[in-house]
Amino acid sequence: MKIEMKTKRRIVDSLYYIGVIIVLIAVLFPFFWMVLTSIKKELDVLSIPPKIFFEPTIENYTFVFERSSIIKGLINSLVIVGGVIALVIPISMLAAYSFSRFNVGGGHFQFYILTVRMFPPIAAIVPYFVIFRNFGLLDNIISITLLNALFNMPFTIWLLVGFLREIPQDLEEAAMIEGASRFEAFREITLPLIAPALAVAAIFAAIFTWNEFLFAFILTRSEAITVTRVMAGFYTERGILWGPLSACATLCTVPMFILALMIQKYIVRGLTFGAVR
Amino acid sequence: MAGVSLKKVSKKFGDTTAVEDLTLEIKDGEFFSLLGPSGAGKTTLLRMIAGVEKPDKGNICIDDVVVTDIPPKNREVTMVFQSYALFPHKTVYENMAYPLRKRKIPEAEIKKIVEETAEILHISPLLSRLPKQLSGGERQRVGLGRAMVRQPKVCLLDEPLTNLDAKLRVEMRGEFKKICKNLQTTIVYATPDQLEAVTMADRIAVLDRGRVLQYDTPDSLYDHPKNLFVAGFIGSPAMNFIDCTLVEKNEKTYLDAAEFKYEITDKAEKIKAHMASSDVILGVRPEHIGISKNMKEGCIQLEVFVSERVRPEIIVDLKAGERIIKALAPVEFDVSMGDKVWVKFDKIFLFDKRTKEEIADKVS
Chain A
1 MKIEMKTKRR
11 IVDSLYYIGV
21 IIVLIAVLFP
31 FFWMVLTSIK
41 KELDVLSIPP
51 KIFFEPTIEN
61 YTFVFERSSI
71 IKGLINSLVI
81 VGGVIALVIP
91 ISMLAAYSFS
101 RFNVGGGHFQ
111 FYILTVRMFP
121 PIAAIVPYFV
131 IFRNFGLLDN
141 IISITLLNAL
151 FNMPFTIWLL
161 VGFLREIPQD
171 LEEAAMIEGA
181 SRFEAFREIT
191 LPLIAPALAV
201 AAIFAAIFTW
211 NEFLFAFILT
221 RSEAITVTRV
231 MAGFYTERGI
241 LWGPLSACAT
251 LCTVPMFILA
261 LMIQKYIVRG
271 LTFGAVR
Chain B
278 MAGVSLKKVS
288 KKFGDTTAVE
298 DLTLEIKDGE
308 FFSLLGPSGA
318 GKTTLLRMIA
328 GVEKPDKGNI
338 CIDDVVVTDI
348 PPKNREVTMV
358 FQSYALFPHK
368 TVYENMAYPL
378 RKRKIPEAEI
388 KKIVEETAEI
398 LHISPLLSRL
408 PKQLSGGERQ
418 RVGLGRAMVR
428 QPKVCLLDEP
438 LTNLDAKLRV
448 EMRGEFKKIC
458 KNLQTTIVYA
468 TPDQLEAVTM
478 ADRIAVLDRG
488 RVLQYDTPDS
498 LYDHPKNLFV
508 AGFIGSPAMN
518 FIDCTLVEKN
528 EKTYLDAAEF
538 KYEITDKAEK
548 IKAHMASSDV
558 ILGVRPEHIG
568 ISKNMKEGCI
578 QLEVFVSERV
588 RPEIIVDLKA
598 GERIIKALAP
608 VEFDVSMGDK
618 VWVKFDKIFL
628 FDKRTKEEIA
638 DKVS
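Residue numbers (this note's numbering), protein chains in the order written: chain A, 1 to 277; chain B, 278 to 641.
Any given hint could turn out to be false.
Restraint ranges, calculated between C-beta atoms of paired labels, are given here [what the hints assert, rightly or not]:
| hint | chain 1 | residue 1 | chain 2 | residue 2 | range |
| --- | --- | --- | --- | --- | --- |
| 1 | A | 183 | B | 291 | 21 to 29 Å |
| 2 | A | 183 | B | 305 | 30 to 38 Å |
| 3 | B | 378 | A | 258 | 35 to 43 Å |
| 4 | A | 112 | B | 413 | 40 to 48 Å |
Simulated from the structure, these hints should not be mistaken for lab results.
Even glycine gets a Cβ: it sits at the ideal position worked out from N, Cα and C.
Build the full structure now, drawing on both the sequences and the hints.
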């Protein structure tokens, strides 16, 4: 009986791991292929069947650094991401707080903000292009930051409202009765408790902004060029430069990869927020 | 120490009325209990005194100062929440130090006060722990500790014992009373448990649906309930209520409950004079019912339905038609189902069926 249980347990466990492995392969294979392509010579990239053993090269990387604006793109993207986080997080936090505690606008205002998220950006791109051109904001890092901030805010607000509703109001009220003003109660009690949620919101905003392509493609040219826009440059009239494109994509993945590793702990805590308490 | 007075206070949440036109006077240094079922408006009332909820109408005074528009932090009031509301990211020590920190008290003094308070509450070994590492009873003590560290004018307690298990609740009840007496402050204690209110409070206000039905000492509430609700809420097991009509026959006054007739001997004339109609509700406390196996003058005969032995007494359920009347008897009283017994009411209450008000009290 005991042995049977053990065997059953083992079968269930191995099935579980097989499932995990399949999902992992599906998720990681494109990434793996991208890195692999980035170190292949031009001829090896398109060979059929794909070569498993080949002579690795860094010529794609040298090409990217010498012939494209990757450095500028990386710097611009980092600045935009930083700017978006600096704008979105404080504003969304205060907005979410007032939605969750005072029900500002009786739910209508909150819904109105959320509709910005439902709105397809491509429908707005032409008007934005016209507005930006008329104001002389095309190819401008500030304008692209503001636009990204606007389109990220609904999601972060919605995310933070959910987290804030999980925090009992009793806590703030207790602090207020014990001598804190509302703002102090927010800063000393609520803020430390939603810190993981803020980290989650920040990383979402960072990833969305980093990956944002449409606005960058239409509204930037050279000065405010972003990494995604740089990558698009490898679709040339002479064809797609797969090797350099993969090298560029690999380079662009690195900052987000490092960021994700750094705040991984907070993400897990943030995502399981309701469950642990 | 300070008295609290509420004058014609009303509070609505949307369409639901939480507190309606409520006037209450809580004396300086008193242990005052707000007693009522859930939804009676106890918590709303406490929150309004604390200042985290603003009344729609009416005024609240603490120490003869109108505080209705004063923010909670300036009211010198403290509150222990039903959920304890301990700050989850702060240690027990930091939780208890919080009110002192807010008052800019020097660190050395904070340490002294917190440690002394922890000593009184027997939570000294827990000071470095986080709230989630504590049991329910321990959290409760920390919540109380946070309220005790400073000298508030009024201490508000919102069902502090409700979330504890039965044994701990009885244990804490005694300890709580001792601690509260030593605090030497005005205490307002909300509870749905009449036993807690009766055993601890100097005075009790019985609340139902946002209104104060009666407020008085526990003994007066027990002896002279003004209406049906108070009568049914105070005392355990609860008072029996029997629908009756008052009838007169051969110059004697009877209460006719269909299954039995009960003769009123004293005050009969006065009662009749105060009655709006002859439909009344007879209230008898289980402890005021005398049961005997032998027939006696003026007794009525009922059948035993079931008996529960809750030493040192037994609760006997008597069957009167479809109705069950609960009575208390000494544990030696040996009865079993179906036995016929003779019953005498030692003390009765009469309530108007329509207004639910007590009748006899107005008479005396």
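Hints, verified against the model:
no., hint, verdict
1, A:183 x B:291: 21 to 29 Å, "27 Å, holds"
2, A:183 x B:305: 30 to 38 Å, "33 Å, holds"
3, B:378 x A:258: 35 to 43 Å, "38 Å, holds"
4, A:112 x B:413: 40 to 48 Å, "43 Å, holds"
Every hint from the earlier list agrees with this structure, and none is contradicted.
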